[in-house]
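2 protein chains.
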Amino acid sequence: MTTQLTLTEAFPPLTNDLILRAARGEKTERVPVWLMRQAGRYLPEYGEFKAKHNVGFFDMVKTPSMACEITLQPIRRFNLDAAIIFSDILVIPQVLGMGVDVVEGKGVIFDFLLETPEDLKKLYKDANVCTDLSYVFDAITMTRHALNGQCPLFGFSGAPWTLMKFMIDGGSHSPLPKARKWLVTYPNESRELLQLLCEKVVDYLVGQVKAGAQLLQVFDSCAGELGPDKFAEFSLPYLKDIAYRTKEKLLEAHIEPVPMMIENMPANPKRRIAGKHVTLQGNFDPCLLYSQENELKNAVKTMIKRFGTQRYIANLGHGVHKDVNPDNVGLFVDAVHMYSEEINASS
Amino acid sequence: MTTQLTLTEAFPPLTNDLILRAARGEKTERVPVWLMRQAGRYLPEYGEFKAKHNVGFFDMVKTPSMACEITLQPIRRFNLDAAIIFSDILVIPQVLGMGVDVVEGKGVIFDFLLETPEDLKKLYKDANVCTDLSYVFDAITMTRHALNGQCPLFGFSGAPWTLMKFMIDGGSHSPLPKARKWLVTYPNESRELLQLLCEKVVDYLVGQVKAGAQLLQVFDSCAGELGPDKFAEFSLPYLKDIAYRTKEKLLEAHIEPVPMMIENMPANPKRRIAGKHVTLQGNFDPCLLYSQENELKNAVKTMIKRFGTQRYIANLGHGVHKDVNPDNVGLFVDAVHMYSEEINASS
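Protein sequences, first through last, are from chains A and B.
Residues in the first sequence are numbered consecutively from 1, following the working numbering.
Residues in the second sequence are numbered consecutively from 1, following the working numbering.
Simulated from the structure, these hints should not be mistaken for lab results.
Some hints here could point you the wrong way.
In this list, chains with the same sequence are indistinguishable; a pair is considered to hold if it fits within one copy or across any two.
As the list claims (entries may be wrong) - DSSO-like, lysine-lysine: derived pairs with alpha carbons at most 27 Å apart:
1. K230 to K305
2. K322 to K106
3. K125 to K247
4. K106 to K178
5. K276 to K62
6. K106 to K301
7. K301 to K240
8. K181 to K301
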């Protein structure tokens, strides 16, 4: 830990802290912006890098220098206010003993899925996230240095329910909702699994901050299918626990806690409902990135008017689609900055 | 039309009009209940019938005597307050010239999908729903007679956006949201397609009422992915148009309009928001049908308390899953009746 703290102290000073100020509720001269899945397949340089090195998706995730390079690709192209480490939420199931690969044209393939609670015995419950996921921590430290203070770096994790969903259903869509069936037919074993995931996620997030992550994002992308009752029972308590325990563990280690964003799909955050004292993030429809320039800019304007320019971080509602024109991502980023600066200047 | 009117007049009198009264806002002594996909794969007699006749899904849909038999299967087992004709929303794309089949283990397979607006030329725009879908009308007339007034019979259709989604994406889930991309990149051609679908849906619904349907259900199951802005632009106007024009066309033909239910997934109808003067339908989580008896009954009780016992039709939020125990469907139906009668008696 001493080494890591020393590393952290040695990181280059930040020249753009816009997103950190928005997260803390401080005044911002313009709205900070980043995009879910901003590094990845829609960027030609991503495909070129992958082809040149002849590697698979998880090879890149597990090689810190490669993860670092891919994290930086969108930062070089666009005026983004945050980077997010190139990785995948499924590194946690991998650590627990489930083989996962991304197969071209087929998506995510697990070597086995959890069918019944009996299968929980197959999981490596004592897996040590701090050693097994050291490649993510190394990638974060390397990327934080490489960013040279240009913008802050996000670490991230999947939320327990979303991870459970993938480990049972094999993906975010499945013809039969087996994971949801677990919640009803095996509630105790479901809680056991969610609790295990929660513990691993906390260790993982703490490790990422120790390695240099300046913000954390928790993705509960599958929360939408739970409905309000099941969300309250099987998602929210674990999200709260993660937020609380990550902070506690960082304080115990004498490390300043970092802002944590929690994304869950059903939330359509509205300033009117949330009030003025919460920082909101989102929620540009990624399909609008297919628009013509004028429509795109108008949609950005509408979004900023809805959310306001303070305590707000602009982002998409889902990840960037792989067939989006990168120029439109640039238009989106610049439009967020331009319109929010205009509104701030005139108010 | 004269023949059909005569047929309609000759239908047996209704002995259970509970759901019609709830739909019209009249007082009901207990809450009426039916289930989306109440006829189908979770019933062993469905599988036995299919195996015995060695037929595929659409063979049954297109043979009125078979569709009639399958519609009646859940009515024989459970104390349901409505039947719904056994059919599929994809009969409309079929009429427009798209081959669709259901393949065991693979789901719905189209012989081609709409890739670009150029493909709209492949559609039979002048297809005559009244002749091409006469098998549905025959099935409805036959089933209405066979029901012998035991409960009313629903006709149904997919909504334009949901049909468009299937015709472009091939199903309700797809890795790339091509249908949504159409709305952004080809808005005019999207409207043209939605308008065409709207016209066919109106003719189809009118035909079903003429054949004997006593209620209509419009499924916009994919509306959830639109988000509020796109829903307002590309789904709602067509739903309104369908409701208006179906009624107009029935009145022109001197036929009494029937209640029309419009389902769209994002709506989580709440009595508090909807007010007392709207009939709500829904929204029991189909996964709760996997519960133990006591949990199932408690969940029904909670649902009825939320919705109230008047102007309310109990149903699921999605279709019945194929691996549900049919006994639990019976428990659900009986619990709705029992608890709503109890509440009505004590108030």
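Now for the hints, and whether the structure bears them out:
{"no.": "1", "hint": "K230 to K305", "verdict": "between (33 Å within a copy, 18 Å between copies)"}
{"no.": "2", "hint": "K322 to K106", "verdict": "both (14 Å within a copy, 25 Å between copies)"}
{"no.": "3", "hint": "K125 to K247", "verdict": "within (23 Å within a copy, 61 Å between copies)"}
{"no.": "4", "hint": "K106 to K178", "verdict": "both (20 Å within a copy, 17 Å between copies)"}
{"no.": "5", "hint": "K276 to K62", "verdict": "neither (40 Å within a copy, 57 Å between copies)"}
{"no.": "6", "hint": "K106 to K301", "verdict": "neither (37 Å within a copy, 43 Å between copies)"}
{"no.": "7", "hint": "K301 to K240", "verdict": "neither (33 Å within a copy, 29 Å between copies)"}
{"no.": "8", "hint": "K181 to K301", "verdict": "between (42 Å within a copy, 20 Å between copies)"}
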